[in-house]
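A.B. asks: These protein sequence lines are chains A and B, in that order. Okay, so the first sequence: first residue is 1 according to the working numbering, each after it adds one. Okay, so the second sequence: first residue is 1001 according to the working numbering, each after it adds one.
If you are wondering where the hints come from, they were derived from the structure by calculation, not from laboratory data. Treat the hints loosely; a few may be bogus.
Ranges of calculated distance between the beta carbons of each label pair, as one might list FRET restraints [to be verified]:
#1 Gly1348(B) with Thr77(A): 40 to 48 Å
#2 Ala119(A) with Val1317(B): 45 to 53 Å
#3 Ser1300(B) with Asp67(A): 43 to 51 Å
#4 Lys1173(B) with Asn86(A): 28 to 36 Å
#5 Gln1350(B) with Ala54(A): 46 to 54 Å
#6 Ser1363(B) with Ala65(A): 33 to 41 Å
#7 Val1317(B) with Asn20(A): 46 to 54 Å
#8 Thr92(A) with Ser1047(B): 54 to 62 Å
#9 Asp67(A) with Asp1094(B): 38 to 46 Å
#10 Ala109(A) with Ser1047(B): 30 to 38 Å
#11 Ser1047(B) with Thr77(A): 39 to 47 Å
#12 Val1317(B) with Ala109(A): 47 to 55 Å
#13 Ala1217(B) with Lys45(A): 21 to 29 Å
Computed from a prediction, not measured in an experiment: that's the story for all the values here. Heads up, the beta-carbon is just placed ideally off N, CA and C, and yes, glycines get one too.
Take a look at the letters that make up each chain.
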Amino acid sequence: MNVPADLRYAKTHEWIRQENDIIIVGITDHAQAELTDIVYAEPPKVGAEVRAGATAAVVESVKAASDIYSPLSGTVTDVNDALTSNPALLNTDPFGQGWIFKMKASNPAEIDALLAPEAYTAQIGQ
Amino acid sequence: MSDPALLKHTPLESAHVACGARMVEFGGWYMPVQYSGIMEEHRAVRSASGMFDISHMGEVIVSGPGALAWLESLLTNRVGKLAVTRGQYTLMLDERGGVIDDLIIYRTGELSYFLVINGACRDLDLEWMHGHLPSDGSVVLQDQGNDYAAIALQGPDAEKALRALYPACDIPKRNGIAPLIPSHVASDGIVPSLVARTGYTGEDGFELFVPVAHGIALWESLLAAGVKPCGLGSRDTLRLEMGYPLNGSDLSRDRTPLEAGLDRFVGLDDPEKVDFYGRKALEQQRSEGLPSRLTPLKLSVQGPPLRSHYPVLADGVAVGETCSGALSPSLGEGIAMAYLPEVCRIPGTQLEIEVRGRRYAASIATLPFYKKPSL
């Protein structure tokens, strides 16, 4: 299972990537494999306030709907519209084209509570 | 998930694990929900062939001089229509007309019948049957649910696969049943191997019943023949595309087969069908009018996959909820079934399905949702 070294991880299987003051959020390779064929994605709305650990998006496989939690608190600045027509990007490229939303963090200290790649790898039992 | 240790296990479990199955709890059983992926498995059954472990389903043999008369009183369809080797879909109701189970009954001999009942209600079904058995010994009831491993082989290439494995087998016609002439699958004493041309997918196909000890060998020979292992996930999307009801979701003790639109499997208008449990309740319901009808719905807009227990609204007013739902893999559209009152059918009624607080326009569809492309 791929766990890129340059990202931080939430225990609930989301990742973040920092690009200047913007945070990009997605789900991990492990998460997409567990969810299986993703057929629908409901990202948050641009401008929405999200809280760390609260539901920010929903993705659905054929079998089940799953909440995606925001790893950080802040404001959504952009969402990945490509997921609307091609939700399978979450399966095929979870760390790249399958990103879900971008945000500005209101409390960057929350980043410290996220897992480093080694700790996340240990959590998923690799 | 429930603790697997508390669940019932199929004789094919090790074969599922070897095929990379994801195992889940289903109706008290530990069953494969998928192997390679629900979409892929669904497509394999629509375009080639797939196989499902249906060992969780129950097999009951009813025999004896009183078997026919007793079965007529127990089941809604007229059993007397069946010639030897033929099968039919039927329902077992309580006195209120509520559905205890839906099942297939095959006539396997002059005085013997083979019933295949749902896995989740095997114990309840048998309890009901035993509770209504005549006391004069004219009917013998044998529960063979633990003696059989069962595999549904489904899809347009199913017959080819079966012929290759059992060249000597006299392959039954649709809804028929025949001995599965063994090459390597033997019959064990009172547990004869059987093949029925029935299924739950809308495709041509077979249900194979073999003694438990031969289940894995059958699974592996089908696998070697190129048949794709398929789990409960695709079984559900395949059956829903056809509008086949699932007991526990679409059928229950609180609904009658008339409400479920299964009239043609209920012998109310058959002059030769005698009294059966639930008949009076059905006749009363028919004369009073149905409170609701199981209605196929389709999303009219792009939306999330439909699932059970989503509210259904007519002109903004809640009128029911979905009992089954899916994103149809064949159609790429949201499909669902819901018990809805008659007013919903008035042309111009705006139907909506609510998902996580958002409402999506829907319309009444015709069954089956999926129609096989004509060649």
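A.B. asks: Which numbered hints does this structure break?
C.D. replies: Going through the list in order, the structure violates hints 3, 4, 5, 6, 8, 10, 13 and respects the others.
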